[in-house]
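The listed protein sequences derive, respectively, from chains A and B.
Take the first sequence: its position 135, counted from the start at 1, is 135 in the UniProt record's numbering, and no numbers get skipped.
Take the second sequence: its position 15, counted from the start at 1, is 15 in the UniProt record's numbering, and no numbers get skipped.
Derived by calculation from the structure, the hints in this document are not laboratory data.
Be a bit skeptical, because a hint or two may be false.
Straight-line C-alpha distance at most 20 angstroms; calculated EDC-like pairs for lysine to aspartate or glutamate [claimed, not checked]:
#	chain 1	residue 1	chain 2	residue 2
1	A	Lys391	B	Asp32
2	A	Lys101	A	Glu126
3	A	Lys9	B	Asp286
4	A	Lys101	B	Asp188
5	A	Lys391	A	Asp359
6	B	Lys274	A	Asp2
7	B	Lys39	B	Asp141
8	A	Lys9	A	Asp19
9	A	Lys391	B	Glu119
10	A	Lys391	B	Glu26
11	B	Lys39	B	Glu62
12	A	Lys391	B	Glu76
13	A	Lys391	B	Asp188
14	A	Lys391	B	Asp180
15	A	Lys101	B	Glu76
16	A	Lys9	B	Asp193
17	A	Lys391	A	Asp493
18	A	Lys9	A	Glu26
19	A	Lys391	B	Glu79
20	A	Lys101	B	Asp180
21	B	Lys274	B	Glu254
Sample of chain B residues facing chain A (criterion: CB under 10 angstroms; computed from the structure) [claimed, not checked]:
#	residue
22	Val41
23	Leu44
24	Thr49
25	Lys53
26	Asn54
27	Val60
28	Arg75
29	Ala90
30	Leu101
31	Ser173
32	Ser194
33	Val197
Computed footprint of chain B on chain A, listed as stretches where at least three residues anywhere in the stretch have a Cβ under 8 angstroms from a Cβ of chain B [stated by the list, open to error]:
#	segment
34	83–89
35	532–538
36	544–550
37	579–585
Even glycine gets a Cβ: it sits at the ideal position worked out from N, Cα and C.
Residue strings, one per chain:
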Amino acid sequence: MDLHFGDSKPSDEERAAVDALLGPPESSWEGADRSDADLRWARGGREARARRDLLLPGLHAVNDRIGWISEGALTYLCRRLTVPPAEAYGVATFYAMFSVKPRPATVLHVCTDLACMVAGAPELCEGVESRLGPGSGVSVERGPCLGLCERAPAALAVRAGDPVRTAVAAPATVERAVLAAGAPGSAAGEPPAARALPQAGDPSLVLLGRVGVVDPADLDDYRAHGGYTALRRAFALGPAGVVREVTDSGLVGRGGAAFPTGRKWQATASRPETPHYLVCNADESEPGTFKDRVVMEGDPYALVEAMTVAGYAIGAHRGYLYLRGEYPRALRRMEHAIGQARARGLLGDDVLGQGYAFDIEIRRGAGAYICGEETALFNSIEGYRGEPRSKPPFPVERGLFGGPTAENNVETLVNVLPVLTMGAQAYAAIGTPGSTGPKLYCVSGSVARPGVYELPFGAALGELLELAGVREGLRAVLLGGAAGGFVRPDELDVPLTFEGTREAGTTLGSGVVMAFDGTVPLPRLLLRIAAFFRDESCGQCVPCRVGTVRQEEALHRIAERTGAAAADDVALLRGVGRAMRDASICGLGQTAWNAVESAIDRLGAYE
Amino acid sequence: MTAIPLGTPRRLLEFTLDGEPVRAPEGSTVLDACRSAGKDVPTLCQGDTLTPKNACRVCVVEVEGARTLVAACSREAEEGMRVRTDTERARHSRRIVLELLASSVDLSTTPRVAEWIEEYGAEPDRFGPDAARVDEEPRIDNTLYVRDYGKCILCYKCVDACGGQWQNSFAISVSGRGFDARIAVEHDAPLTDSACVYCGNCIEVCPTGALSFRSEFDMREAGTWDESAQTATTTVCAYCGVGCNLTLHVQDNEIVKVTSPHDNPVTHGNLCIKGRFGYQHVQNRD
Chain A
1 MDLHFGDSKP SDEERAAVDA LLGPPESSWE GADRSDADLR WARGGREARA
51 RRDLLLPGLH AVNDRIGWIS EGALTYLCRR LTVPPAEAYG VATFYAMFSV
101 KPRPATVLHV CTDLACMVAG APELCEGVES RLGPGSGVSV ERGPCLGLCE
151 RAPAALAVRA GDPVRTAVAA PATVERAVLA AGAPGSAAGE PPAARALPQA
201 GDPSLVLLGR VGVVDPADLD DYRAHGGYTA LRRAFALGPA GVVREVTDSG
251 LVGRGGAAFP TGRKWQATAS RPETPHYLVC NADESEPGTF KDRVVMEGDP
301 YALVEAMTVA GYAIGAHRGY LYLRGEYPRA LRRMEHAIGQ ARARGLLGDD
351 VLGQGYAFDI EIRRGAGAYI CGEETALFNS IEGYRGEPRS KPPFPVERGL
401 FGGPTAENNV ETLVNVLPVL TMGAQAYAAI GTPGSTGPKL YCVSGSVARP
451 GVYELPFGAA LGELLELAGV REGLRAVLLG GAAGGFVRPD ELDVPLTFEG
501 TREAGTTLGS GVVMAFDGTV PLPRLLLRIA AFFRDESCGQ CVPCRVGTVR
551 QEEALHRIAE RTGAAAADDV ALLRGVGRAM RDASICGLGQ TAWNAVESAI
601 DRLGAYE
Chain B
1 MTAIPLGTPR RLLEFTLDGE PVRAPEGSTV LDACRSAGKD VPTLCQGDTL
51 TPKNACRVCV VEVEGARTLV AACSREAEEG MRVRTDTERA RHSRRIVLEL
101 LASSVDLSTT PRVAEWIEEY GAEPDRFGPD AARVDEEPRI DNTLYVRDYG
151 KCILCYKCVD ACGGQWQNSF AISVSGRGFD ARIAVEHDAP LTDSACVYCG
201 NCIEVCPTGA LSFRSEFDMR EAGTWDESAQ TATTTVCAYC GVGCNLTLHV
251 QDNEIVKVTS PHDNPVTHGN LCIKGRFGYQ HVQNRD
């Protein structure tokens with residue numbers, strides 16, 4: 001491979017940012033000054049290409065330090081990793097948090113998604129934009145859900161530099177958002193994670209019991225509250241025993257697809273190819289979802305332990321934690337927890353002295369909903385565009401770096417701890433026969449106490465809403481987020497189980513419950529959902545790339561219309577929606593029409 | 001793909017295609033089986049010399065037990081599979097995909113697409129006059145070829161041909177995301193500033209005419225391009241000893257473009273800059 005790098009040079013600052021990640025270059029082949037040895041010795045090639053997966057961290061390094069990625073910086077990074085510049089450019093332009101054009105060092109991301117929209121995001125955006133006009137040194141970017149729905153409306157300020165500084169304003173007023181953008185280093189801290197738990201202190205909590213009780217920075221405190229008993233039991237059971245226990249517990253994936261976790265682990269564990277990989281999907285980007293953030297911020301060691309158990313069960317020695325780029329506090333807490341666990345022998349070459357080697361590497365996402373799709377996530381980690389792969393082959397056969405891979409989301413993994421500590425039978429006794437265990441819900445919108453709730457599977461939607469204090473004049477509830485569906489206020493007896501929601505013609509999805517009262521104009525919600533999918537489509541396949549655009553156009557046309565005036569466009573939406581669901585490569589395109597369809601059919605949105 | 005059918009015999013798989021039992025060698029795709037059975041499944045992004053990308057989704061078929069439709073070009077045939085190629089469901093998706101494509105880009109130089117639009121009853125105009133389109137000016141930044149993204153369906157074939165599958169130049173990639181995704185060289189620069197080596201293998205695989213010879217582009221602009229008046233003569237390239245086959249497309253006694261047979265075991269349709277573009281000396285009659 002004879003790569004052409006062009007002659008753009010990095011600035012000293014850009015070079016330092018890349019070198020801080022990769023170490024100084026060793027020869028002129030990767031950007032150092034030429035030495036005599038370079039005339040006879042080519043460095044790079046296969047060895048450097050094997051580090052392609054450092055492309056995304058490299059782009060982050062430059063973006064964090066400078067605020068954007070120049071030609072010179074990209075070229076230098078490509079030279080260091082032997083990545084073709086055209087491909088790296090394709091990767092850099094794929095992610096919303098990166099810019100390849102100059103922009104101010106401070107970016108203020110203001111959420112305009114559903115919960116924030118209802119809580120006044122449009123006014124917040126206007127206010128912030130008028131205060132922080134051109135020349136203020138702040139770039140204001142309206143964007144998708146920041147995962148702070150319980151404190152809507154929300155804004156996230158990121159100031160490039162060494163180190164990069166972030167500040168969250170939520171609930172945000174114009175004043176607080178401007179303050180956060182003006183001095184991210186000294187802005188007021190966030191409230192503790194437990195503030196997102198209206199049930200905090202309830203002794204019956206299984207998954208959230210430690211959030212707010214333990215110090216998230218203290219490993220000993222975690223151990224004093226039952227931490228690492230699950231891993232000890234796992235070592236006592238052996239890998240096959242753990243898989244059996246998880247299978248018997250009836251645990252299914254909580255990311256939305258509800259695939260049996262035990263079966264996934266068994267399939268990965270039994271593959272002859274090595275190495276095996278564990279991937280934890282912590283890229284929750286579904287508008288309205290924030291439970292994984294709260295768990296990582298409030299009980300980070302639980303995830304470290306659960307990943308270790310999972311890695312042990314499937315025979316992996318390396319786990320990747322793919323964490324949303326918009327979660328700075330969760331990133332800090334997880335980095336700290338992993339470092340502490342490593343220092344104490346709970347990660348590394350000899351976990352708990354049991355002769356099992358396992359370590360966790362964190363990878364930050366960079367603003368792409370699609371990277372929550374499991375195969376797109378592999379591409380993203382590997383340093384390619386976050387486009388989904390076609391299946392088969394399935395990840396358990398050929399996943400990350402081509403190896404057998406088990407991918408689970410945060411909530412699924414955290415469930416493994418009670419499965420092992422209380423035993424499969426006791427765990428399976430919680431919930432219903434078809435949906436076992438406890439379930440986390442993210443409740444937001446028109447409720448008095450938004451937040452993360454934990455209930456055994458089988459509670460009715462109405463019970464959950466009552467806990468959260470639903471307000472008068474409920475008009476609709478969005479279940480499962482933008483990829484989910486709406487239900488009517490007279491359907492609140494639908495049981496929150498996979499089988500119950502399926503029977504009711506809707507979906508539980510990732511556990512999003514967003515309540516909207518009559519003051520929220522439905523067509524505006526639908527427009528926002530359509531805009532979300534149009535923005536987040538990766539563009540690989542035609543039904544999704546063009547279909548999401550046509551869907552948004554039709555919704556704009558009928559925003560003010562009903563009945564016969566809307567009938568043509570509703571028919572068009574149905575036709576396009578059906579093809580998107582049937583012919584798209586991945587779940588994004590396949591579900592992009594769900595919420596709109598349910599609003600038309602169940603809520604009579606345009607009648 | 002190869003013209004020399006060597007190799008160990010492959011096991012035959014049995015499955016049903018539109019209710020008829022068929023046999024196909026292990027490893028072949030559903031599309032291969034359809035074509036051997038004489039069924040015409042439309043394809044746009046599928047390339048005979050490339051790994052299927054299954055991005056266009058126009059070849060979708062129904063496989064019993066699958067939740068969604070399946071791209072015939074990339075799904076390997078399996079023993080006992082039940083495939084239906086011409087159901088209402090598959091035809092609906094093909095029709096919509098054709099409508100979505102034809103409403104967003106210019107398909108006027110895409111072979112067979114007009115025929116499929118008619119066959120599937122696609123009406124690209126029904127999205128209204130304000131439907132978003134990729135209306136971009138052709139990029140003419142060198143003397144050999146033209147990139148007209150207003151005709152690009154983002155099939156990724158040029159990316160694959162330029163990258164690891166054939167040329168290993170990696171000069172082009174996809175940039176951006178969603179409807180704004182475009183084929184681009186690094187930093188979206190002119191071709192002359194990129195890693196392009198001008199082999200033209202991307203033109204060879206482009207299914208829509210978004211990439212074309214400058215000669216063809218200029219003649220189309222001038223209204224003098226006339227495929228029916230062209231002859232195609234396959235000969236051996238005279239530049240070096242590799243023995244690549246060239247197909248010279250000649251109109252009015254002038255070579256107007258050069259392609260290479262895809263079933264040639266030496267080139268598989270690929271050439272270098274000399275074979276592809278170095279033909280002017282042949283017709284330099286001074």
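Hint by hint, here is what the structure shows:
1. Lys391/A to Asp32/B: Distance of about 19 angstroms is within 20 angstroms: holds.
2. Lys101/A to Glu126/A: 24 angstroms, violated
3. Lys9/A to Asp286/B: Since the Cα atoms of Lys9/A and Asp286/B sit roughly 46 angstroms apart, the hinted pair is violated (cutoff 20 angstroms).
4. Lys101/A to Asp188/B: 12 angstroms, holds
5. Lys391/A to Asp359/A: 28 angstroms, violated
6. Lys274/B to Asp2/A: Holds. Lys274/B to Asp2/A sits at ~19 angstroms (cutoff 20 angstroms).
7. Lys39/B to Asp141/B: At roughly 42 angstroms apart (the allowed maximum being 20 angstroms), Asp141/B and Lys39/B break the hint.
8. Lys9/A to Asp19/A: Holds, because 14 angstroms separates the two Cα atoms, which is no more than 20 angstroms.
9. Lys391/A to Glu119/B: It is violated: about 30 angstroms lies between the C-alpha atoms, which goes past 20 angstroms.
10. Lys391/A to Glu26/B: Holds: Lys391/A and Glu26/B sit about 18 angstroms apart, inside 20 angstroms.
11. Lys39/B to Glu62/B: 14 angstroms, holds
12. Lys391/A to Glu76/B: 11 angstroms, holds
13. Lys391/A to Asp188/B: This hinted pair is violated, its Cα atoms lying about 31 angstroms apart.
14. Lys391/A to Asp180/B: 25 angstroms, violated
15. Lys101/A to Glu76/B: 43 angstroms, violated
16. Lys9/A to Asp193/B: Satisfied, since the Cα-Cα distance of roughly 15 angstroms is no more than 20 angstroms.
17. Lys391/A to Asp493/A: Distance ~37 angstroms between Lys391/A and Asp493/A Cα, so the pair is violated.
18. Lys9/A to Glu26/A: OK: Lys9/A and Glu26/A at ~17 angstroms, within 20 angstroms.
19. Lys391/A to Glu79/B: 17 angstroms, holds
20. Lys101/A to Asp180/B: 16 angstroms, holds
21. Lys274/B to Glu254/B: 17 angstroms, holds
22. Val41: At 13 angstroms from the nearest chain A Cβ, Val41/B fails the 10 angstroms test, so the hint is violated.
23. Leu44: 9 angstroms, holds
24. Thr49: 19 angstroms, violated
25. Lys53: Hint on Lys53/B: holds, closest Cβ of chain A at ~8 angstroms, below 10 angstroms.
26. Asn54: 5 angstroms, holds
27. Val60: 5 angstroms, holds
28. Arg75: Where the cut-off is 10 angstroms and the nearest Cβ of chain A is about 8 angstroms from Arg75/B, the hint holds.
29. Ala90: 8 angstroms, holds
30. Leu101: Since chain A brings a Cβ to about 6 angstroms from Leu101/B, closer than 10 angstroms, the hint holds.
31. Ser173: Result: holds, 4 angstroms to nearest chain A Cβ.
32. Ser194: 7 angstroms, holds
33. Val197: 9 angstroms, holds
34. 83–89: holds (count 6)
35. 532–538: Three-residue rule met by the segment 532–538 of chain A, so holds; n is 5.
36. 544–550: Coverage by chain B holds here, the residue count being 6 at a Cβ distance below 8 angstroms.
37. 579–585: holds (count 6)
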